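Novice: In my numbering, the protein residues as written are 1 to 282.
These are calculated hints, taken from the structure and not from any lab test. Be careful, since some hints might not be right.
[Stated by the list, open to error] Per label pair, the in silico range of CB-to-CB distance:
#1 77 to 141: 24 to 30 Å
#2 281 to 158: 43 to 49 Å
#3 232 to 45: 28 to 34 Å
#4 21 to 79: 28 to 34 Å
#5 8 to 107: 21 to 27 Å
#6 79 to 157: 27 to 33 Å
#7 12 to 78: 42 to 48 Å
Keep in mind the model is a prediction, meaning the values are calculated, not measured. Even for Gly, the Cβ is constructed at its ideal location relative to N, Cα and C.
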Amino acid sequence: MNATPSDESVPAQLAALPGVGEAIDRAREACTALRWHQALRRRIPEAAAESRVRGARASALLEGADVPVDRVRELVLGLGRTDADDPLDQTVQACVQATSESEHVAPILVRAPSQALARLHVAAGATMLAPEQVGRPRQPGEDSRELVEIGPAVPPEELPRRLAELGRLVALADRSPALVVAAIVHAELAVMRPFVRGNTVVARAFERALLKQAGVDPTGVAVPEVGHHREGATGYAGALQAYAGGTPDGVALWLRHCAGAVEAGAAEGMRIADAVLAGRLR
């Protein structure tokens, strides 16, 4: 792409790439159907809480940590114990904390994206990094070894400019195709990897919060993380790799993947709403 992602015209241009507009329409229709589910007339908080449970589990799966959903639910409720030295427990706890924090940062996302990003990384990074590396971008001499298959992380010296562009992109969400903005923010965080660890965990939590705040999924009941996992961790990484290549076809593939993730996430939200209505969440 010749223009930077934060250029105001770019989201609309990207939405016009082959197959993207149609995929966005399907995702919007699925989210609209979810919004008017009978269970969400009075029980949005209950359904949204379960969405965060299932979202955290799917996010952990994408990081290679497979745990039962009941275990994740216990951690969300603060009832379970974790081993701070166990990498699997670290990963699951990072996903639980970041996904839970997405609910709290949504209101400040557009006006203070840097603050929201830092808070999400504090939530995710507290279990896996030294305190001095949590909640701030990488410094000179620090690298990220995550997602090495999609290319090297952005050098620390370039991060201030790239993160400033990201903030300007987030600000477009209220006047541009919001699903496109959320997808590009997700991908840019994964490509630049501003943190030593926890980048994709934060990217998915940021996307979830932005989809809610921008009105794509105003109830917060959709589970986009489940949609990202529909083709497994390999399919997710492959879609990110396509985006990182920078070609129109690669970017379109990622955008279709994200729209499909939202559509599938809305379907998972419908299953949650059905369970809430039937009184059989657990």
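Novice: So, for every hint listed, does it hold in this structure?
Specialist: Outcome of the hint check:
no. : hint                   : in the structure
1   : 77 to 141: 24 to 30 Å  : 40 Å, violated
2   : 281 to 158: 43 to 49 Å : 45 Å, holds
3   : 232 to 45: 28 to 34 Å  : 31 Å, holds
4   : 21 to 79: 28 to 34 Å   : 44 Å, violated
5   : 8 to 107: 21 to 27 Å   : 23 Å, holds
6   : 79 to 157: 27 to 33 Å  : 44 Å, violated
7   : 12 to 78: 42 to 48 Å   : 43 Å, holds
Hints 1, 4 and 6 from the earlier list are contradicted by this structure; the remaining hints agree with it.
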